[in-house]
Amino acid sequence: MRILFITSGYQGIYDWFESWIHDELKKEHKVIFYYFNQGVKELESILQSFKPEMALTLVGYKMPIAIVEFLKQYGVKTSIWLTEDPYNIDRSIGLMNDFDYLFTIDTAALEFYKKKGLKRAYHLPLAANPNVFIPKKVPGEFESDICFVGYPYPDRIQLLEFILEKTSYKVRVIGNWSRYLRSYWQNSNLNIDEGWVEPPIVANYYNGAKIVLNSHRPSNLRQNKNKLGIAGKSINNRTFDVAACAAFQLIEFREDLSNHFVENEEIIAFRSMKDLLEKVHYYMKADKERELIAHKARIRVLKEHTFQHRLEQMLSVIGKA
Numbered sequence: 001m002r003i004l005f006i007t008s009g010y011q012g013i014y015d016w017f018e019s020w021i022h023d024e025l026k027k028e029h030k031v032i033f034y035y036f037n038q039g040v041k042e043l044e045s046i047l048q049s050f051k052p053e054m055a056l057t058l059v060g061y062k063m064p065i066a067i068v069e070f071l072k073q074y075g076v077k078t079s080i081w082l083t084e085d086p087y088n089i090d091r092s093i094g095l096m097n098d099f100d101y102l103f104t105i106d107t108a109a110l111e112f113y114k115k116k117g118l119k120r121a122y123h124l125p126l127a128a129n130p131n132v133f134i135p136k137k138v139p140g141e142f143e144s145d146i147c148f149v150g151y152p153y154p155d156r157i158q159l160l161e162f163i164l165e166k167t168s169y170k171v172r173v174i175g176n177w178s179r180y181l182r183s184y185w186q187n188s189n190l191n192i193d194e195g196w197v198e199p200p201i202v203a204n205y206y207n208g209a210k211i212v213l214n215s216h217r218p219s220n221l222r223q224n225k226n227k228l229g230i231a232g233k234s235i236n237n238r239t240f241d242v243a244a245c246a247a248f249q250l251i252e253f254r255e256d257l258s259n260h261f262v263e264n265e266e267i268i269a270f271r272s273m274k275d276l277l278e279k280v281h282y283y284m285k286a287d288k289e290r291e292l293i294a295h296k297a298r299i300r301v302l303k304e305h306t307f308q309h310r311l312e313q314m315l316s317v318i319g320k321a
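Going by the working numbering, 302 is the number at position 302 of the sequence shown; the sequence numbering is gapless.
In short, the hints are calculated from the structure, not lab data.
Hints may contain errors.
BS3-like cross-link-like pairs, simulated, lysine-lysine; straight-line CA separation at most 30 Å [as the list claims (entries may be wrong)]:
#1 Lys210 / Lys285
#2 Lys119 / Lys210
#3 Lys115 / Lys320
#4 Lys296 / Lys136
#5 Lys30 / Lys62
#6 Lys170 / Lys285
#7 Lys137 / Lys233
#8 Lys41 / Lys77
#9 Lys114 / Lys210
#10 Lys119 / Lys170
#11 Lys116 / Lys320
#12 Lys285 / Lys77
#13 Lys114 / Lys303
#14 Lys119 / Lys137
#15 Lys51 / Lys115
#16 Lys303 / Lys233
#17 Lys26 / Lys77
#18 Lys279 / Lys137
#19 Lys210 / Lys303
#20 Lys225 / Lys170
#21 Lys320 / Lys26
#22 Lys303 / Lys320
#23 Lys320 / Lys137
#24 Lys279 / Lys62
#25 Lys30 / Lys41
#26 Lys72 / Lys51
#27 Lys30 / Lys115
#28 Lys51 / Lys41
#29 Lys77 / Lys30
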């Protein structure tokens, strides 16, 4: 298939997502990467010479709708992968009728689109790149008892404060956390590696931790664009990354979890702070059990949850139309 892959216009992790997707697509297909700020004339040149059969973009919030309309004039099937649902679903709603195929990472968002009458809406989570997130030995600077990588949302700050107050484990936090955990700076059990970290380095932190904590972004944050208050049901992409490293994680429960992993065999979830604390204490001592569960999680990812699997699913859906 000839595929036009249009950049989202977002940087940071999206540079990595788009690179991984592009690399995966070009293994089996002819792909051109188009930056929408190159303009319509450049797009027209690509359409006339390359003659793409479909176009794919992530997020879609920054892309001018004129580009989508131009693609349709040339008979190109258009698809969007909404990777910020449901947290920015107010913005997604404005796009849901513009594309031929809509893929969302969250099942609650999918339910909303279906209720709105969208027939070509599908659930498609993000995934792991198994060439980046791999099991490996790492230097001591990446080691910890408990590790958390991510943005300091209020719920996450409470979670980390709870762990620091209730345990004496070595905790390593990666991200822009210093201002939020200032009162714990003198705590010898806390290490903060400040700033955003690229995925290959994140993989080192996962591999160096006995337990990786994984909590989800709250659906009711003031910064969200979610006036409808749609509560997310699906697990985050970090779940697949941690599992691909064969690292053990304690994940905040979401009802979609069982669609991807077998709970208590391939992954362990917590449902409250009390539950989290009990499981932290238990699994910190259960080395062999931790390793076995993490190993099974990696096997599951390699079988079902890589970008190769996701893109095969997407193209199968589009190819059947």
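Do the hints match the structure? See the list:
1. Lys210 / Lys285: holds (10 Å)
2. Lys119 / Lys210: It is violated: about 44 Å lies between the C-alpha atoms, which goes past 30 Å.
3. Lys115 / Lys320: Roughly 23 Å between the alpha carbons, so the hint for Lys115 and Lys320 holds.
4. Lys296 / Lys136: Distance ~16 Å between Lys296 and Lys136 Cα, so the pair holds.
5. Lys30 / Lys62: OK: Lys30 and Lys62 at ~25 Å, within 30 Å.
6. Lys170 / Lys285: Satisfied, since the Cα-Cα distance of roughly 14 Å is no more than 30 Å.
7. Lys137 / Lys233: With a Cα-Cα distance of about 34 Å, the restraint between Lys137 and Lys233 is violated, given a limit of 30 Å.
8. Lys41 / Lys77: Distance ~19 Å between Lys41 and Lys77 Cα, so the pair holds.
9. Lys114 / Lys210: violated (41 Å)
10. Lys119 / Lys170: Not satisfied, since the Cα-Cα distance of roughly 49 Å exceeds 30 Å.
11. Lys116 / Lys320: holds (23 Å)
12. Lys285 / Lys77: violated (53 Å)
13. Lys114 / Lys303: holds (29 Å)
14. Lys119 / Lys137: Violated, at roughly 47 Å.
15. Lys51 / Lys115: Measuring from Cα to Cα gives roughly 34 Å; hence the hint is violated.
16. Lys303 / Lys233: holds (23 Å)
17. Lys26 / Lys77: Holds. Lys26 to Lys77 sits at ~18 Å (cutoff 30 Å).
18. Lys279 / Lys137: Distance of about 25 Å is within 30 Å: holds.
19. Lys210 / Lys303: holds (24 Å)
20. Lys225 / Lys170: Violated, at roughly 36 Å.
21. Lys320 / Lys26: holds (20 Å)
22. Lys303 / Lys320: Satisfied, since the Cα-Cα distance of roughly 23 Å is no more than 30 Å.
23. Lys320 / Lys137: violated (44 Å)
24. Lys279 / Lys62: violated (42 Å)
25. Lys30 / Lys41: holds (21 Å)
26. Lys72 / Lys51: Status holds; Cα separation ~12 Å.
27. Lys30 / Lys115: Violated: Lys30 and Lys115 sit about 35 Å apart, past 30 Å.
28. Lys51 / Lys41: Satisfied, since the Cα-Cα distance of roughly 15 Å is no more than 30 Å.
29. Lys77 / Lys30: Given pair Lys77, Lys30 holds - Cα atoms ~15 Å apart, limit 30 Å.
Taken one by one, the earlier hints fail for this structure at numbers 2, 7, 9, 10, 12, 14, 15, 20, 23, 24 and 27, listed in ascending order.
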